[in-house]
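Chemist: Build out the structure end to end from the sequences listed, making use of the hints.
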Amino acid sequence: MNWADLGTIAPVVVAVLVAAAILIVDMILPGRRNAILATALGGLGVVAVVLLAQAGHTGKAFGGAYSLDNLTVFLDFLFVSIAILTLLFAVDYLESRGLPLAEFAAILVFAVTGAMLIAGSTDLLLLFVALELMVLPGYMLVAFARRDPYSTEGAIKYFLLGSFSSAILLFGLAYVWGITGTTRVDGVAAALAKVVAGGPLAPGLAMGLAFMSAGVAFKMAAVPFHYWTPDAYQGSPTPVTAYLSVGPKVGAFAIALRLFVGALGPVKADWLPIIIVLAAATMTLGNLVAITQDNVKRMLAYSSIAHTGYILVGLAAYAGGQQSGISAILFYGAAYTFMNMGAFAIVTALQRRPGVSSQISNFAGLGRRDPWLGALMAIFLLSLTGIPPLAGFWAKAYVILAAIQAGGWLTALAVLAMVNAAAAAFYYLRVVSYMYMRDPAGDTEPSSPGVLFRAGLAVACVTTLIFGLFPAIVTAAKSAADALHV
Amino acid sequence: MPILSLIILTPLVGALLIAVLPSKETDLIRRTALAFALLAWVLSLGLLAALAFGPAGFQFVEALNWIPDFGIQYKVGVDGLSVLMVVLTTTLTWISILASFKPIKDRVKGYMISFLVLEVGMIGVFVALDLFLFYIFWEIVLVPMYLIIGIWGGGNRLYATMKFVLYTLVGSLLMLVAILATAFAFQAGHGGSWIGAFDYQALAAWAAGGHFTENLQILAFLALFLAFAIKVPMFPFHTWLPDAHTEAPTAGSVILAGVLLKLGAYGLIRFAVPLYPFAAHTFAWPIIVLSVVAIVYGAIVSIVQPDLKRLVAYSSVSHMGFVTLGIFAFSAAAYQGAVLQMINHGLITGGLFLLVGVIYERTHDRTIAKMGGLAAVMPLWSTAFGFFILASIGLPGLSGFVGEFLVFVGSFGVAPGIAVASIIVMVLAATYLLWMFQRIAFGELSEFLRSLGGHLTEIDRTELITLAPLAFLIVVLGLFPSLVLDLLRAPTQVFLAAVGVAVGG
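Quick note, the sequences are listed as chains A and B, same order. Add 12 to the 1-based position in the first sequence for this note's numbering, that's all there is to it. Add 914 to the 1-based position in the second sequence for this note's numbering, that's all there is to it.
Heads up, some of the hints might be wrong.
[Unchecked claim] Some, not all, of what chain B presents toward chain A, calculated at C-beta under 10 Å:
#: 1; residue: L948
#: 2; residue: D983
#: 3; residue: V1001
#: 4; residue: R1071
#: 5; residue: M1076
#: 6; residue: L1083
#: 7; residue: G1085
#: 8; residue: A1097
#: 9; residue: F1098
#: 10; residue: A1137
[To be verified] Some but not every residue of chain B turned toward chain A, in silico, with C-beta under 7 Å:
#: 11; residue: I981
#: 12; residue: V1084
#: 13; residue: L1087
#: 14; residue: L1088
#: 15; residue: I1201
Honestly, the hints are just simulated from the structure, not real lab data. Quick caveat, the model's predicted, so the values are computed rather than measured. Even for Gly, the Cβ is constructed at its ideal location relative to N, Cα and C.
Modeler: So this is what it looks like as structure tokens:
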């Protein structure tokens, strides 16, 4: 390790320092929420500035284990945005429930550090370590409301299945290492290109592929490896759910990009069928179950499974020979992050006072009793449905476009995705119907969120609109995807 | 001057302006909405006046790159057909907004914003020359209509609006797949360049060259046809329509029947047929048969409807059957008849819904069986209703006649049996409409109406103002159909050339 290496991984280093600083500030000035918030938000701001300075540069560190390229910067930006938004949405919620802010912020930043490390990992072992760094704080976040039995239950389920799947993934990585003799991503790709030239897949490699697919599918909550999701999502404090629905998911797709595209690209014809089946099952089941939910949080949890399915279509399109599948994944990830966090933020706002559930009946008449919250929720839900000209529409359009270009079975997958999108309209619009077409019932007190919360909502909403009106932003995703050209 | 963008933006600016007005200022909001709708109307009339009749192809074309990576543009332009549709839209919109002044008392701000956004979407669909842009406007129409039915509708509005949305979405999302597949076929045929891949003119030229494979044409046509057939709606995709119409507020029904159904027919004429001529020929017969089924079925079902609005809704299914029959007969007279019928249906059915709305305002009921003897208490209303009913039946001298007659003449050469069958239905139309009119207007004043006493007031001045332009146009187009047909001459040639029928036939 030398100074140049440190410069290359500067954003990760700064993020770790920010997390540490939050803990130190809390120690020196206990209970001073403003100081903690200032440290956390300011620190994340510094990370963003460092990222800006890195944009456009490329480099490798630690002998090629970590690489800085456009993909790293793109994903890092996304992760920092996720951290900032989560923090903004969590402040009121935590305060009204007497939950400590400093620990929350520190754990969150640690988790995001792990995600950022994934983004730049080009070594199988580093990838695994980074993954664990991302998910371990995640378990703690789920259990954060420790007096709430649901929170604990969700955390235990998440932890058991999560560590199980990590082990499976590691097992798969070991097979790949055994066959290719290297843990470097580019080395694996080069070795595989030779190994598989023409012939059928070696049994060991097939085993490795199967284990890795299962491991990654667990992390991204793809059917049939999704069972932990609804309980973990529903049990978690709502701001944590918002984070879980995007942070680890985008992280899992970052792994998929580095691992499946970067390392296993040469055998993509072999994992294409797996991804097609996963995508089809994931979006269909996620949607079907979401339709029957009466709890908005749980509905959004299942719908996030469905979105995983749509993103997998992009991965399948890549495996089908379309580079544009990768930029579609990235654009989808970014668009999904903002619209989904926005939707969860509104749920959080309704639950500002403890004891208010996220049942759909609590949304009745929201458009009348709180016009701004109602309108924003409508925008987020319409975007999630995929109505133009909002971000979610372009996300779907780009994915579908890549799939249709790839042709063959992928065209059928694209049609299935669109049928699913129509079915999804039912449960998203059902919430809109409750908000606007029913009279307020029960709790009619306005939620009057704080300034920080409003700022977060504004960011999520403006981004959803900007992505929708200026979809040429996909160019940024494209240049990030080009970093993976192998 | 970018007049088309100006027409699209006018209602949008109105909607944004209303969004910042305080909700309590309901009168100001109503007047602002009407002012912007009228402004859009005047602009569209200016467009109509400025359009050159002679040349084929599009005029007032504006093009801006939007997503250069995929060759997606903001490209708009008009020919005679689109201009007629735009004017129909702007006319019916201000009428609908004016007609909503009294009935809509709750959440006026949201209502007017929805209506103006709806207008943006509708105009956009008729002027878009980029397939992606077209799709976006198509979807934009959906949301305000969903809200208009769902918030300001009748008792069963939640069911009706969800059904409307889901039907439309299933069709339109498959259409998106078809549009992308078409663009990709174009791109693959141009050495991987996306330039022009969504451009309607480039695609139409490419299609005219017979470059799209038969496979692609069949699949893409079916997807587009499904989307448009749901919107028209053609039998058997019509079941959302009676529910949506019955539950929608009066102005919502006017726009739904007057413009939204035309979106589907316009899509067939503009996109589905010219881009996939092989498929259009392949499926022409089944579609003609479905059209006749719709004409007959709609008429028969109308006879037994107990609800005034439902009756008018089912009669729409029947009347729109003439439109699809005319489109797929592939002849000049049938095409022009179809377009004329689109306009007539918009004017006549719009008027009928307004008149039913007048009665509903006073009685809060639409059951035919409860009515009777209205001619005695509301002679002016009854006269107007009788006029629109005669127009709907197709009385010569009124516009309804010309459209159906041209479709009849045009399809007779192609399929005499079918044409005769459809014309016999006009007798059925006379049956259900006149019988309904007789039941509600003549005879003794019914028990129910008597119980309302002084509430049953004559149609007022505002309501007459909303009906007057429609009645005027029905008479004018009935006497001088050439006003519209001259505009359609060039688009007819283009359409027939695209489907490969001898020009002038």
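Chemist: Now look at each hint and say whether the structure bears it out.
Modeler: Checked hints:
1. The beta carbon of L948 of chain B is not positioned within 10 Å of any beta carbon in chain A (closest approach about 23 Å), and the interface hint is therefore violated.
2. Interface restraint check for D983 of chain B: the shortest CB-CB distance to chain A comes to about 6 Å, inside 10 Å, so the restraint holds.
3. Hint status for V1001 of chain B relative to chain A: violated, with the closest Cβ pair at about 25 Å, above 10 Å.
4. Contact between R1071 of chain B and chain A, as hinted, is supported at the beta carbon level, the nearest pair being about 7 Å apart and thus within 10 Å.
5. Below 10 Å, beta-carbon pairs count as interface contacts, and M1076 of chain B has one with chain A at about 7 Å; its hint therefore holds.
6. For L1083 of chain B, the interface hint holds, the least distance from its beta-carbon to any beta-carbon of chain A being 4 Å, beneath 10 Å.
7. Taken as an interface hint, G1085 of chain B checks out: its beta carbon lies about 9 Å from the nearest beta carbon of chain A, inside 10 Å.
8. Checking A1097 of chain B against chain A by beta carbon gives a least distance of about 8 Å; that is within 10 Å, so the hint holds.
9. Proximity of F1098 of chain B to chain A holds as hinted, the smallest CB-CB distance being about 5 Å (cut-off 10 Å).
10. Given hint, A1137 of chain B at the interface with chain A, holds; its Cβ is 9 Å from that chain's nearest Cβ, closer than 10 Å.
11. At about 5 Å, the closest approach between the beta carbon of I981 of chain B and any beta carbon in chain A falls short of 7 Å, and the interface hint on this residue holds.
12. Because the beta carbon of V1084 of chain B sits about 5 Å from the nearest beta carbon in chain A, less than 7 Å, this interface hint is met.
13. About 4 Å separates the beta-carbon of L1087 of chain B from the nearest beta-carbon of chain A, less than 7 Å, and the hint is met.
14. This hint holds: L1088 of chain B has a C-beta 6 Å from the nearest C-beta of chain A, less than the 7 Å allowed.
15. Because the beta carbon of I1201 of chain B sits about 22 Å from the nearest beta carbon in chain A, more than 7 Å, this interface hint is broken.
Against the hints set out earlier in the document, violations occur for numbers 1, 3 and 15.
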